[in-house]
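Each chain is listed here by its residues.
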Amino acid sequence: MSLSRRQESLRGLILPVAILLAWQVLAWRASTPLFPGPWQVTLSIWKFYPQIVGQIGYTLMRAASGFLVAAALMIPLGILLGRLKTVGAIVEPIMDMLATLPPPAVIPVVMLFAGTGDAAKISIIAYAAAVPLLMNTYEASKTLHPMANLVARSLRFSRLETMLRIDLPASLPMIATGLRLAVASALLVSVTAEMLLATNGIGVFIQRQQENFQIANGLAAIAFISIVGLIINNLVFQLEKRWLFWHYRSSDTHGNG
Amino acid sequence: MAMDVVLSAQGLTKTYGAGKDALQVLGGISFAVNRGEFVSVVGPSGCGKTTLLFAIAGLQGVTSGTVTFNGRPVTAPPKGVAVVFQDYSRSLFPWKNNRDNVAFGMARIQGLSAAQKRDKAQEMLDAVGLAGFADKYPWQLSGGMQQRVAIARGLASQSELLLLDEPLAAVDAQTRADMQDLLLDLAIRFKQTCVLVTHDVEEAVYMADRVVVLTRRPTVVDHEIVIELGKKRDQITTREDPRFLAARHDVMTSIRGQRAHAPASAA
Amino acid sequence: MAMDVVLSAQGLTKTYGAGKDALQVLGGISFAVNRGEFVSVVGPSGCGKTTLLFAIAGLQGVTSGTVTFNGRPVTAPPKGVAVVFQDYSRSLFPWKNNRDNVAFGMARIQGLSAAQKRDKAQEMLDAVGLAGFADKYPWQLSGGMQQRVAIARGLASQSELLLLDEPLAAVDAQTRADMQDLLLDLAIRFKQTCVLVTHDVEEAVYMADRVVVLTRRPTVVDHEIVIELGKKRDQITTREDPRFLAARHDVMTSIRGQRAHAPASAA
Amino acid sequence: AENTKLRFAYLLADSDLPILVAQKNGDFAKAGLDVELTEVQGGPAVVAAIASGSADVGYASPVPPINARLNGINVKMVMALGHEVDPDKKFSWLVASSASGITDLAGLKGKKVAVNANGSLCVLTLADQIAKVGLKIDDVQQVVLPFPQQEAALEQGAIDATCTVNPFYASLSKNKAIGAKVLAEGVLADEREPVLNDVIFATDDYVASNGPALKTFGKVLFDTRQKLLADRSAMEAAAVEFLGLTPEAAKDFTLPVVKRELTITEAEVQVLLDAMKRADMLTQDMSAKDMVANMAP
Amino acid sequence: MDGFSAFALLLRFRALVSFLIIVAVWQLVAALGLAPEKYFPGIPAIVSGFLGMVANGELAAAEWRTLLRAMLGLAGASLLGVGLAILSDISPAFRRGFAPIAALIQPIPPAAVVPMAVFMLGLGPKLYAFIIILVTVWPPYFNGVAALASVSDIQIRSGQMLGLSRWQILRQIKLPAAMPEIFAGIRYASTISLIAVVVAEMLAGHDGLGFLLVRKAFAIRIPEVYALMFVCAANGLVLNAIVNAARWQLAGWHLRMTGQPA
Ligand SMILES: Nc1ncnc2c1ncn2[C@@H]1O[C@H](COP(=O)(O)OP(=O)(O)OP(=O)(O)O)[C@@H](O)[C@H]1O
Ligand SMILES: Nc1ncnc2c1ncn2[C@@H]1O[C@H](COP(=O)(O)OP(=O)(O)OP(=O)(O)O)[C@@H](O)[C@H]1O
Ligand SMILES: [Mg+2]
Ligand SMILES: [Mg+2]
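Residue numbers (this note's numbering), protein chains in the order written: chain A, 301 to 557; chain B, -14 to 252; chain C, -14 to 252; chain D, 4 to 300; chain E, -8 to 253.
Read the hints as simulated data drawn from the structure, not as lab findings.
Take the hints with a grain of salt, since some may be wrong.
[As the list claims (entries may be wrong)] Computed footprint of chain D on chain E; a stretch qualifies when at least three of its residues, placed anywhere within it, have a C-beta under 8 Å from a C-beta of chain D:
| no. | stretch |
| --- | --- |
| 1 | 110 to 121 |
| 2 | 200 to 207 |
| 3 | 221 to 235 |
Where is the CB? At the ideal position from N, CA and C, for every residue including glycine.
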């Protein structure tokens, strides 16, 4: 059993290794500094990691703040809109419209009201992270099985109670997916916002390297972002295992034990 | 028992869908339930018993007619009414363990601390024979066990009016008998009024002070049979009582009679 | 009927969970079913009937023991076995209308065109009394109607072995009788072997050539009672037949007897 | 005969107006060139377009091609499109808002100054100008902000000063709410000799094998530019059409032309290299020798 | 029931209504003078900027390109995302290998890889496809993986009983059951595919709305910049209408079951 698990995880390594190899081969064949391979990137990481780690701190702080603001506002809002179906239906298109505004186009507007400091960047990050959270929460809560609602009503739960005690837990699986997407979105926009208006952060580092054609250094920084993404993702996964086991329970009962 | 009417339904009709998809389910149902009374409702599958119960509970509107509970018209779930749903597996929350699912039934009871509610929930689980399963989750239980958790939740609320939609359909004969007695016992102890939907004619008669027999769609009340067996019932003696047998026969014939009238259409 | 064994279970044990959460459900169940036989299984709620049926169907592994179907060990769902699940409301597909849900039961039948399958599905729906509901969706039906759709799907597959897990728990007495006769009729017509889990002792006896009585957890076979009533049954005469009454009595006592042995523990 | 293909990548700026006009009028085609224009955002993108083979020839400020060369991307500057020179032919400015209280270059210390991109001509401008008063680039807070957003940022106080070019300079210098104070003019502090502002460049390979095409391209470009310089109304019309200026803004429009010819010299580039060295944009001394291959007609 | 019909009307034209709400809020902020008018013009100025771009035809051309790219990108990314989710569902080895890759790639800002991507893919459609897919596959993928993993075991067993192959179970049971959740992902993907197209056009494009946006910004035509932003927003509605139509086709049962307005 444990052997086959090891084999499984070894097989899981095939794909990443294959991708890295393919990338390296492509890079060799391209033979230009604009297209470095994993090897050059590794060298860059070795050279720049103190600087990168220092800068990524700013980026993460902003990403985390934006993400938290978004989560605190959007999960309740999504559940609320899902419950007040008619209001939700009317507000839905507004959500669709605001969600499609590209952050680089929004930045100038945000800047008008929030300046170029951290406040502006955090608002933009929050805005970007809000979309997947709101959409997944809203979809989950508006499409709950009708039975859950009947039970809530028969227990004479107020709307608020129903949202808190039934809609929220029942929507958690989809919210968790929304969280994953939002985390990535927050990181991504945090970096992008830095590239567009910033004085520090990993985005600035990347941009500076790129505009100086040090693509490998830029990729080294990106690798760090990716790893942060991976770590956060695993964290979410752990939380899911802890809090959502009831949702994925079927995985251990079906099939032949 | 004073003849004061707790619940009354007047001319309830309900049509699902519209246009060519329209399906009239309730065709004008009227009946009343007195305080402390135990009323069984029987009727063919799909005739609208669940629909009727939902209307009484204020969970779903009707097309016409009114329901009053303690004299006030019901438009939303009123205080003092609890429901045990037919779809037990979906009515339990998979993210709560069984104890918490039962404690959920007491969510609106004032003056009980969380710990007290949990104790009470444990007590109810003991009563339905699931003492050892409080920490398990509903999806770790068999169908009949889930159904008993649902009953425990309904009982935990100690509501004035308890609506039970085929609450014992998934349990074995022996457990069923035990649960019947438990329900009767608690109903008397807490002076609850109960409406029980069941397919088991014996059960309908055994439990009830009155049996309401429904027709097929569009459903109306076909017949009401008063069961003169007193409040005290016993699995052996009651079931052998000639009045029980007579009442059972009555209900049976009344159901069969309907069938004779409309044999062709779908049940 | 030749005594050739279609299905046999040998020493099945099943433990859910592990460590301190472990719960042994099956304690070593052995029994066999012959071709064309109709076997009823009764046992207390939560004793492991569904677990047993899943093991037979190859849907869930056991901790030890083997199941063989037509002489071959069952490790995955074998061809020629159909199941009507206890959790009917969840086993129907909400994205298919009822006709398509039933037609789905014929998914693996070769040599039938899609149109033929639909016709056949319609026929099955007619047989279970849901002629007018073919175009509706399962969630537009009452509990009992859903259960009948599930039965129709099981029957449509015309499998060699049909496993029924409390298939009639949610229908009224009259429909239940009709469905019982339908099941018996089709089983004979299509030479099906059937295993029926039920809580209704009368039903168990009425339907079966043999009744298997299970004990409580850890469950073993307590008793097997052969019903000597011949293949032809009738709702009135069979139920009045002294052999029927005797068999029913037997089963009842056997169930009661278990209870006497273990009164304290949860059912 | 078949026209020679020339794929041209550029970022939209005043200097390449003649190219756009020539293309519109079909002058390239008449000269036997099949020019395909690709507009991209920013100098590094022009370099990337060329290095990737998406384009043959590019237009940008001199900093991106210099940086490219330094990093192993073999491009050469082949023509000069614009210069600055003392005293009044100046096309970049360092400007502070009155609210910032900055009155001279020394006042920039510790302040927020916008530049349009990293490694851009603007960074060089800032570094070279403040070096006059003994400041280093790290003594100011650089904020990367695209030109269009700088005016609002100045007015809102989000930044204290900025490095700007036209038409943005024209717009913000008229904005009373900003009360723009010009701190310095020109890319370099010392512009007694013309300083290179805009260049055309191509890969070494392309230069080696397509000399004639480049020369033809330069010829058409030169002729068109002369025509525009001679005809003010045509110039304004072109500015409205291609740069999207409003007709009023176009009235102030000028091409940054100091030298009539398109000729580029190593000396011009060396001046910039030295300035970049002073500004710490280069780590070592560099020679302009490999960076220039004059292809002007 | 006068109130009811007014409500129904509101629901029917909710897209228009919400657009008007946004316009109204905008105008309110502009009228209150919270930001200088030059940078935050009122609706009339934006409308005239819009009409100007309509009149000279540049808007229609840009809009059509951007929308087409977004639609193609969305379709491609959705198919790919769902395809990857399906692969992850049928092959645990693939899931183990791909999950970390997904987690690694997902937070990479497209702006950061554009220079490298331009080198590999040039400035043409391949670049757009790459950028759009890089950011747009994840919602259908993650929602798909989660939804496929949580299909009711009773339903899967029903399929197993009929002797359906894994593939048939996937196609006939898991996918339909997962469809509602997958569509929630596609819906989010539709918004980011538009964003990705516009950003790609801004970074490395030579036509389309994003390009026009930058161009107008560099020409200091602020009302037109905002007019373009409103067009971007309206595109969100268009794309969502398309997604919703597909959803009614593929998961209409779910909308009806949960009683949602059409
Ligand atoms: N997934 C599971 N995890 C843990 N325990 C389980 C699980 N499924 C079933 N059980 C336990 O196994 C026992 C038998 O369950 P099973 O569903 O087989 O009973 P059953 O005889 O069908 O009961 P019923 O008549 O109530 O349907 C129960 O005690 C239940 O708690
Ligand atoms: N949501 C719905 N949409 C359309 N029709 C419905 C809906 N719910 C119920 N019906 C129809 O209403 C009728 C009555 O349903 P109901 O559930 O009340 O029956 P019931 O008497 O409880 O039946 P059972 O004994 O089988 O539970 C059925 O014919 C059913 O098809
Ligand atoms: Mg019902
Ligand atoms: Mg069971």
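Hint by hint, here is what the structure shows:
no.: 1; hint: 110 to 121; verdict: holds (count 6)
no.: 2; hint: 200 to 207; verdict: holds (count 4)
no.: 3; hint: 221 to 235; verdict: violated (count 0)
Checked against the numbered hints given earlier, this structure breaks only hint 3.
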